[in-house]
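From the two separate chains plus the hints, produce the assembled complex.
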Amino acid sequence: MIEYINKIKEISERLLKEGIVDIIIGFRKGTMPMMNEPCFAKSPEDIKNLVWDSNCGINLANYLTNYSADRKEKIGIIAKGCDSRNIVNHIIENKIKRDQLFIIGVPCKGMVDRRKIVSIFEREIKEVTEEKNKIIVKSDGFEKILKKAEVLQENCAICIHRNPVVYDELVADLVEEQKDVDRYEDVRRIEAMPVEKKYKLFDDLLSACIRCYACRNACPLCYCPTCFVDESRPQWVGKSINPVDIRTFHFLRAFHCAGRCTDCGACESACPMDIKVRTFTKKLEKDCFELYGWEAGMSLDERPPLDTYKFDYPD
Amino acid sequence: MSDWEPKIVTFLCNWCSYGAADLAGISRMQYPPNIRVIRIPCTGRMSPKFILTAFRQGADGVWVSGCHPGDCHYIEGNYYARRKFALFKRFAEHMGIEPDRLHFSWISSAEGTRFAEVANEVVRAVKKTGPASGYLKAA
Ligand code: SF4
Ligand code: SF4
Ligand code: FES
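Sequence order for the protein chains is A and B. All the letters of the first sequence, read from the start, carry residue numbers 1003 to 1317 under the numbering used here. All the letters of the second sequence, read from the start, carry residue numbers 964 to 1102 under the numbering used here.
Next up, chain B with everything else stripped away, as it sits in the complex (with noise of 0.2 Å):
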């Protein structure tokens, strides 16, 4: 198992966390590649069904990064999302997934940087827990 690498889901909104991974790109700064971006156009656009399949599919951990609060695009859909998530990742905790394999965050275009940073942090906490099976239908 030592060679081991997790599957992150990693769903980024459009006008900034993806902008983000991008600048992070064009500048050239290293992340860890485990994670596989999907892109969707507001963390509000965020289902908990999205979560679930990602583990149904073989994800190890999940993180959904948007605009910070105040920036969104549709002026309030992260505000929705974050308390969304707040209930949610409390209630996938009760429902057996580990905190670790869940993250949020809230990253701007203009931050490759800080992206970089919670992709490192993110793929790290997703590390330490292991592989995910709960969630997994084996296909």
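In isolation and in its complexed conformation, chain A is listed as follows (with noise of 0.2 Å):
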């Protein structure tokens, strides 16, 4: 990791030197251990803050969102394959331009689930570092050394496409990627419960909900100036946390991301309540993927499957 982040800082720094970019969207480490956050760096100084590690799973392409259309500052952005392929989809949907853009791609190696660390360490964390295959823990006076295959997140466990779709500079040499990786075996098992089953996995799944709407905020898709949840004439969802509103808006939020959502996870891992909120995400991706063969993001000259149609397709 410390090349990456080498070379990050080194391009980074070259950009915003020779005004190819007014701004460089990166990260920098949070306030907690494994909580690392984005980072709009302007000068050298920024520059510095920068790093680069495996707790970087946030979806840079959510902070494009707002520098669309008025804004005209050239962007440059560190984008793993996930963050590619939303920003993929930024471009297709007419949020940002290409040539706004500098995309620094960093062939990914997966991002680890800090919540599996906590269970697993089981005390106050102080300290996270790594080495290689190895992520380090550390409490006062205590250490514990973890896999990082054994702690990764579930989407990153299951990724397919590590390295970036597009990008203007890569920072490392791109990775091989993960092959024979059953994507769907979660979805395919709730696809075989009958409907009564499938209700009520979800009631189960979505007790906890306080619709904070942390996972609509994280996710790069979620652009909408006014979202539906916040419509009143007339009102689609009602504002509570009545089971039936907390369904609504979940079956709602996954369908508009149908055709959109690229796996990336950051829904999940904002989750201050643990809902595995990609159930819903990952069936609609399934189904885009058997019907029309499609993955989100994964090219500038396609049209998403619900902004195009064919002939001759069935009912």
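No wet-lab data here; the hints were simulated from the structure. Keep in mind that this is a model prediction, so the values were computed, not measured. Virtual Cβ for every residue (Gly too), placed ideally from N, Cα, C. Possibly wrong hints are sitting among the right ones.
What the hints assert, rightly or not - Within a straight-line C-alpha distance of at most 25 Å, the following computed SDA-like cross-link-like pairs (lysine to any residue) qualify: (1) B:K1052 with B:D1034; (2) B:K1012 with A:A1216; (3) B:K1012 with A:E1095; (4) A:K1111 with A:N1008; (5) A:K1202 with B:P1011; (6) A:K1044 with A:K1076; (7) A:K1149 with A:L1293; (8) B:K1012 with A:L1293; (9) B:K1090 with A:D1055.
What the hints assert, rightly or not - If we take Cβ atoms under 10 Å as the criterion, some of the chain B residues that face chain A in the derived model are: (10) R999; (11) F1018; (12) Y1042; (13) R1087.
To be verified - Quick partial rundown of chain A residues pointing at chain B, CB under 7 Å, derived from the structure: (14) M1195; (15) V1197; (16) Y1201; (17) R1235; (18) W1238; (19) T1250; (20) F1253; (21) A1260; (22) K1285; (23) L1286; (24) D1289; (25) F1291; (26) L1308; (27) Y1311.
Given below as structure tokens:
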């Protein structure tokens, strides 16, 4: 990772100095271990703070949304495989122009799930460092070494597009993509259940939801100026934590991501209540693949499945 | 529960299926009174929000009907709609809405008979499935 960050800093500094971009969107250390936060670097000072490690799971494409249309800055953005696919989404949805961006591609080796680490470690974590395929977790006078493969985010464990799809410069050689991955084992398990059981499953899954909308806010796809949850005439969904309201919110949030979701996992890792919200979006992802052979964000030249049609497609 | 009758919110495209409903009526064809018709300008106007709102307010089934592919008044609205609907139906099942509650059809304004037939089929399917409560918001 140290090679990655050196290269990221080197490229970022050059881009800013030569005036190729006005801002770099990357990561800096957060206030707690394993909580890197987005960083908007405009000066060499800011560049010093940039970091790169296995805690960069936030999808940076989300921070491009407010740069569209009226803002003309040239933006440098650091992009893993999934971020790059969400950048492609933004471009084909006319949120931003390709030539407004300088994409610094990061061949990704997977991000860790801080919750898994917290639950294994069982005491307050003071420091987390990493070395090759190991994660070293420290507390006062206590240390544990974990295998990174065992604490990966679930979406990273089944990721088949670790390399960025679009980029202007890479920080390292492309990594080998994971092969023979069964991406939809969990969805198939749910599909096999009778409808009542599915209903019950989601009742349990959503029982803890507090409607904080962190899942929505973390997602680069959710950029509508007024979200349907805030529409009041008519009101599509109540504001309460009534189970039907919660369920309706999740149904529509996921459906709005149909054909667009890249399974970046940002929604799931943002949830303060640990709710596996990818259970919804993955079903749509699978169906888009099965019905239309579609994977979101892979190409700048193809229209997403709900924005196009074929004459001969049956019903 | 034996005298329970389902409510089926029915979205009909102004240019075809709505006309078909008219024709069925003028021709005095019989079809069950369970459908509640809402006229829409085109199936392309359908939004998943409409469907969930119907269930939220007490529908037991939803039926959307529009022009045959190739005959849409706006040329391609129904081509988009059928993709949206195909995904919606699968996703709704994932989220606990029985497939028999959701129906989609193409009926032109000359097909009054077909309108009555499909209305019968839809009502039969929803009746078999029983009252819906999963997305019903108690007032
Ligand atoms: S729905 Fe979740 S996994 Fe999909 S793109 Fe949005 S944040 Fe990423
Ligand atoms: S982030 Fe979690 S708790 Fe908040 S609205 Fe989403 S699912 Fe509910
Ligand atoms: S006008 Fe009837 S479906 Fe478009």
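Hints versus structure:
no.: 1; hint: B:K1052 with B:D1034; in the structure: 23 Å, holds
no.: 2; hint: B:K1012 with A:A1216; in the structure: 21 Å, holds
no.: 3; hint: B:K1012 with A:E1095; in the structure: 21 Å, holds
no.: 4; hint: A:K1111 with A:N1008; in the structure: 17 Å, holds
no.: 5; hint: A:K1202 with B:P1011; in the structure: 22 Å, holds
no.: 6; hint: A:K1044 with A:K1076; in the structure: 11 Å, holds
no.: 7; hint: A:K1149 with A:L1293; in the structure: 37 Å, violated
no.: 8; hint: B:K1012 with A:L1293; in the structure: 22 Å, holds
no.: 9; hint: B:K1090 with A:D1055; in the structure: 57 Å, violated
no.: 10; hint: R999; in the structure: 17 Å, violated
no.: 11; hint: F1018; in the structure: 9 Å, holds
no.: 12; hint: Y1042; in the structure: 4 Å, holds
no.: 13; hint: R1087; in the structure: 18 Å, violated
no.: 14; hint: M1195; in the structure: 10 Å, violated
no.: 15; hint: V1197; in the structure: 5 Å, holds
no.: 16; hint: Y1201; in the structure: 3 Å, holds
no.: 17; hint: R1235; in the structure: 13 Å, violated
no.: 18; hint: W1238; in the structure: 5 Å, holds
no.: 19; hint: T1250; in the structure: 6 Å, holds
no.: 20; hint: F1253; in the structure: 5 Å, holds
no.: 21; hint: A1260; in the structure: 6 Å, holds
no.: 22; hint: K1285; in the structure: 5 Å, holds
no.: 23; hint: L1286; in the structure: 6 Å, holds
no.: 24; hint: D1289; in the structure: 5 Å, holds
no.: 25; hint: F1291; in the structure: 11 Å, violated
no.: 26; hint: L1308; in the structure: 6 Å, holds
no.: 27; hint: Y1311; in the structure: 4 Å, holds
Checked against the numbered hints given earlier, this structure breaks hints 7, 9, 10, 13, 14, 17, 25; the rest are met.
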